[in-house]
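Undergrad: Got chain A sorted already, so can you dock chains B, C and D onto it with the hints?
There are 4 protein chains.
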Amino acid sequence: MRVLLLNNRLKPHTVHMAEQMETKLKGMGAQVFIDNGVQKPGPVSIDLLIVLGGDGTIIRAAREYAQSGVPVLGVNMGRVGFLSNIASNQLEEKLERLLAGDYSIDERMVMEVEVCDGDRPIMTVGGLNEVVFRSTAPRIIELMLYVKERSQGVYRGDGLIVATPTGSTAYSLSAGGPIVDPSLQAFIVTPIASSITHRRPLVIGAQHPLVIKPQDAREAVICVDGQVHMEFEPEYSVRIKRAANPLRMVNLTGALLFDNLEGRLRRNEIQ
Amino acid sequence: MRVLLLNNRLKPHTVHMAEQMETKLKGMGAQVFIDNGVQKPGPVSIDLLIVLGGDGTIIRAAREYAQSGVPVLGVNMGRVGFLSNIASNQLEEKLERLLAGDYSIDERMVMEVEVCDGDRPIMTVGGLNEVVFRSTAPRIIELMLYVKERSQGVYRGDGLIVATPTGSTAYSLSAGGPIVDPSLQAFIVTPIASSITHRRPLVIGAQHPLVIKPQDAREAVICVDGQVHMEFEPEYSVRIKRAANPLRMVNLTGALLFDNLEGRLRRNEIQ
Amino acid sequence: MRVLLLNNRLKPHTVHMAEQMETKLKGMGAQVFIDNGVQKPGPVSIDLLIVLGGDGTIIRAAREYAQSGVPVLGVNMGRVGFLSNIASNQLEEKLERLLAGDYSIDERMVMEVEVCDGDRPIMTVGGLNEVVFRSTAPRIIELMLYVKERSQGVYRGDGLIVATPTGSTAYSLSAGGPIVDPSLQAFIVTPIASSITHRRPLVIGAQHPLVIKPQDAREAVICVDGQVHMEFEPEYSVRIKRAANPLRMVNLTGALLFDNLEGRLRRNEIQ
Amino acid sequence: MRVLLLNNRLKPHTVHMAEQMETKLKGMGAQVFIDNGVQKPGPVSIDLLIVLGGDGTIIRAAREYAQSGVPVLGVNMGRVGFLSNIASNQLEEKLERLLAGDYSIDERMVMEVEVCDGDRPIMTVGGLNEVVFRSTAPRIIELMLYVKERSQGVYRGDGLIVATPTGSTAYSLSAGGPIVDPSLQAFIVTPIASSITHRRPLVIGAQHPLVIKPQDAREAVICVDGQVHMEFEPEYSVRIKRAANPLRMVNLTGALLFDNLEGRLRRNEIQ
Numbered sequence: 597m598r599v600l601l602l603n604n605r606l607k608p609h610t611v612h613m614a615e616q617m618e619t620k621l622k623g624m625g626a627q628v629f630i631d632n633g634v635q636k637p638g639p640v641s642i643d644l645l646i647v648l649g650g651d652g653t654i655i656r657a658a659r660e661y662a663q664s665g666v667p668v669l670g671v672n673m674g675r676v677g678f679l680s681n682i683a684s685n686q687l688e689e690k691l692e693r694l695l696a697g698d699y700s701i702d703e704r705m706v707m708e709v710e711v712c713d714g715d716r717p718i719m720t721v722g723g724l725n726e727v728v729f730r731s732t733a734p735r736i737i738e739l740m741l742y743v744k745e746r747s748q749g750v751y752r753g754d755g756l757i758v759a760t761p762t763g764s765t766a767y768s769l770s771a772g773g774p775i776v777d778p779s780l781q782a783f784i785v786t787p788i789a790s791s792i793t794h795r796r797p798l799v800i801g802a803q804h805p806l807v808i809k810p811q812d813a814r815e816a817v818i819c820v821d822g823q824v825h826m827e828f829e830p831e832y833s834v835r836i837k838r839a840a841n842p843l844r845m846v847n848l849t850g851a852l853l854f855d856n857l858e859g860r861l862r863r864n865e866i867q
Numbered sequence: 597m598r599v600l601l602l603n604n605r606l607k608p609h610t611v612h613m614a615e616q617m618e619t620k621l622k623g624m625g626a627q628v629f630i631d632n633g634v635q636k637p638g639p640v641s642i643d644l645l646i647v648l649g650g651d652g653t654i655i656r657a658a659r660e661y662a663q664s665g666v667p668v669l670g671v672n673m674g675r676v677g678f679l680s681n682i683a684s685n686q687l688e689e690k691l692e693r694l695l696a697g698d699y700s701i702d703e704r705m706v707m708e709v710e711v712c713d714g715d716r717p718i719m720t721v722g723g724l725n726e727v728v729f730r731s732t733a734p735r736i737i738e739l740m741l742y743v744k745e746r747s748q749g750v751y752r753g754d755g756l757i758v759a760t761p762t763g764s765t766a767y768s769l770s771a772g773g774p775i776v777d778p779s780l781q782a783f784i785v786t787p788i789a790s791s792i793t794h795r796r797p798l799v800i801g802a803q804h805p806l807v808i809k810p811q812d813a814r815e816a817v818i819c820v821d822g823q824v825h826m827e828f829e830p831e832y833s834v835r836i837k838r839a840a841n842p843l844r845m846v847n848l849t850g851a852l853l854f855d856n857l858e859g860r861l862r863r864n865e866i867q
Numbered sequence: 597m598r599v600l601l602l603n604n605r606l607k608p609h610t611v612h613m614a615e616q617m618e619t620k621l622k623g624m625g626a627q628v629f630i631d632n633g634v635q636k637p638g639p640v641s642i643d644l645l646i647v648l649g650g651d652g653t654i655i656r657a658a659r660e661y662a663q664s665g666v667p668v669l670g671v672n673m674g675r676v677g678f679l680s681n682i683a684s685n686q687l688e689e690k691l692e693r694l695l696a697g698d699y700s701i702d703e704r705m706v707m708e709v710e711v712c713d714g715d716r717p718i719m720t721v722g723g724l725n726e727v728v729f730r731s732t733a734p735r736i737i738e739l740m741l742y743v744k745e746r747s748q749g750v751y752r753g754d755g756l757i758v759a760t761p762t763g764s765t766a767y768s769l770s771a772g773g774p775i776v777d778p779s780l781q782a783f784i785v786t787p788i789a790s791s792i793t794h795r796r797p798l799v800i801g802a803q804h805p806l807v808i809k810p811q812d813a814r815e816a817v818i819c820v821d822g823q824v825h826m827e828f829e830p831e832y833s834v835r836i837k838r839a840a841n842p843l844r845m846v847n848l849t850g851a852l853l854f855d856n857l858e859g860r861l862r863r864n865e866i867q
Numbered sequence: 597m598r599v600l601l602l603n604n605r606l607k608p609h610t611v612h613m614a615e616q617m618e619t620k621l622k623g624m625g626a627q628v629f630i631d632n633g634v635q636k637p638g639p640v641s642i643d644l645l646i647v648l649g650g651d652g653t654i655i656r657a658a659r660e661y662a663q664s665g666v667p668v669l670g671v672n673m674g675r676v677g678f679l680s681n682i683a684s685n686q687l688e689e690k691l692e693r694l695l696a697g698d699y700s701i702d703e704r705m706v707m708e709v710e711v712c713d714g715d716r717p718i719m720t721v722g723g724l725n726e727v728v729f730r731s732t733a734p735r736i737i738e739l740m741l742y743v744k745e746r747s748q749g750v751y752r753g754d755g756l757i758v759a760t761p762t763g764s765t766a767y768s769l770s771a772g773g774p775i776v777d778p779s780l781q782a783f784i785v786t787p788i789a790s791s792i793t794h795r796r797p798l799v800i801g802a803q804h805p806l807v808i809k810p811q812d813a814r815e816a817v818i819c820v821d822g823q824v825h826m827e828f829e830p831e832y833s834v835r836i837k838r839a840a841n842p843l844r845m846v847n848l849t850g851a852l853l854f855d856n857l858e859g860r861l862r863r864n865e866i867q
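Protein chains in written order, with the numbering used here: chain A, 597 to 867; chain B, 597 to 867; chain C, 597 to 867; chain D, 597 to 867.
Rather than coming from a laboratory, the hints here were simulated on the basis of the structure.
One or more hints might be untrue.
Identical chains blur together in the list; that is why a pair holds if it fits in one copy or across any two.
Below, simulated SDA-like cross-link-like pairs (lysine to any residue); rule was C-alpha separation at most 25 Å, straight line [stated by the list, open to error]:
hint, residue 1, residue 2
1, K809, R835
2, K620, G674
3, K744, T849
4, K837, G749
5, K744, Y699
6, K690, R844
7, K744, R716
8, K636, L621
9, K607, E738
10, K744, R704
The following block holds chain A by itself, in its conformation from the complex (with noise of 0.2 Å):
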């Protein structure tokens, strides 16, 4: 059995957890791994992902591992988040049913999203919550948005985002999206500040892949889960597709992911 530990190297207490989980996995007869950011392991399978951090180290977990198949473990160390399984004092009493492989997986749909100049690609990056194009100025802009080749028409405002149903809760929500069940396949499309003020939030199958390009976004941006940011030229287009795999998440709880949605979003308004 190999566990790769993640953590966040600038958060001691993530550190302090990695470390002390080490031993015990180690006791436990596993072998383990870390990778805190900086520190990676070498190209080595592993059986299971331990991610001790908040949403956004999630995140990065699922950019760089989701794609491998490997489960993932959410620990939750500091306020809650919408991906993390179990908080950090309950990680201890459940290392031996890790070990065991005794729960149940969720699998959450990531995207893929390819950046084009013209017809050449310039960046390829998965997100698990969202891909944003906005103003950066509070100025209009105007994107097209295709599916299957078609033109959906234009979106007029301060920008768009496609978000995962993942991300539904997450920015989109913000934009006035729905809030999507993780277990469709789709694509959450919704306008910010649209200047077009009947333009709806649309919920697209993720079987078609979507296309956006700027029309007149001059000063824009493109943003994938709040992580990684590049500007958003005018001759770019973006490519956003389902990528091959999900993220696989442990379920040790047999909780639906619906469940007390409502409860993490008001703690979440009120902390």
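TA: Here is chains B, C and D on its own, set in the frame of chain A:
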């Protein structure tokens, strides 16, 4: 080849059209039956259903014939509809292709709405667009939503809509719901004038049946597709699941179901 | 000093409270009258109105007494209200200040709703929160809005709310309207589930009377403050204007009307 | 009679129009001055300001001349604007009425935006539409709103708009704000993509100055009327109050400011 023509006997131009088409189709060697809403054919198996009328007539047809799996062609007899595939003046030139089966099929998810008084089922009805739970007087009612037998919390307000993707462009849209791709198997749960202002539209995978129960809902009604109404008594509960078979709609143009949605919405609003 | 105590005879604790306060106030030299909803004082002029009850009781008091200009103190007898100024357990310690007139006054705009059958007025009633026009069954109705005798176009959907600033935190908020400062003299026009999706809430200066006429509105109702209901017949029209006098509410704390609005909204939703 | 013609030197047709009008007006006995954005008349008192250009040019004119109280006529030189009163081809026939003062005046509230670094004012600028506080990257910022020195709580999200009634049909509308009658003296506070999903637009009487302070707002900008931009540093605070004088707009048609709003919005969206 057995063709059923369905029209609305209260709209003379659909009666007239049915007579014309009957003659044509017979001349082409088809057997023709007519359902005008009162006179109905006996229990005969048919190969094609042609609906002459607006969205309301197609919705009625779906309720009666969708589960038989027969392909349905909606012929638009008046203002532009969301469900009709061709205009009435285009029908004649398409008859040959129709009889030859030269078309593709778009599947539209249908819902089955079961109303129970305690444990006893008292009505089961199919729905193509939505089921609505609403107060009659402008008064707050409280409804509970259950997914997989777990409560998703209370909805306070004028009521609640549970829509199919097809219905996402109808009443649910007016109440603030997203537009959902008909290729998705999903329910859209949209609150109407919710007094809990952060209650948001949900899109839930249709593999989960939903249950709605009144918590405090005197003087409320249940309404399916704007056509079937009944009072919603405090001891009722309503179970909503995906019907066994989708509505199979004839697609002669190869158009994406999404095509020109914006245009249809706008025309609809201006008319 | 003549004080009128208004309570809700159906809520025993308000009856009890009224008796206690009557004794106290008499002991302090005041003349005391009681209105319990059925027994009412004769046509006597009063100097202070103390309302023992929730927002509903204060709304009823406003309808009956606002135009007399008497200062009104709302005493919160249960869950937190938007209109009450003090909690019931604080009343006793404030009696001296009340009798001495040691308080400031917050003015709240009141609306006058006049329903006409053709040209003939058939009902005139005051409203503190809102007048609602809504379909009874979940069916689209069409209403015309006129400002200064000019049409502002048709509203298609479940109906329309015309609210005062005080009412902007009640039903209008649930339907998507803004929160409006009670110091403004304005009507808030908020569509309910509008099928014309770009119809937006309007805030109109209250110097303009508004007129609402049904265009296609069978089976609709008019409802003032959730308390006065009548059917809305196709030949009716409703004229809404600002009442001659505002409701004059006693303010003992110097609090801004806006203070802690968010907190009140949240408590309201959680309760 | 002294008339100032204001045009946009970068738009040749407005330059040409200014020259034509200058000749006409001189022939009618008026003294004429020209402000083309670079060349400006000296400090001369004028009786009428004619703005040749779109809403952007009128907004610039308001910033420079509103406080002088001079009547302003907006002449629409291109696409339909919200602020222009007549089309360019109608101007010539109206010159006589203009010189005779045969028109009414619509007053539009103007805001004064004062940016302070700690206690030290570093910029004061007039605004006709709105002041926007927004993140540059798509990242959450936190802003505090104060009314009468009392906190109204934190706004988390992309940012915040404080608009005048005139600006309520511009950016604020896109972000979900209501349409507000220009006759009202009010500020409209509209959150942009608020992560606190029950944060709602507020309409606040303009007798209260508002103060906005960043709580956590690195990399944010302040933008007035889409024309004046500056970085919003963590130690800044912004005070927004009603300007001493409104913009006085010439009304030649007697039209209500509200007239045909829907039509203008729709044209704007389609264009």
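Undergrad: Checking against the hints above, which ones are violated?
TA: Structure breaks no hint.
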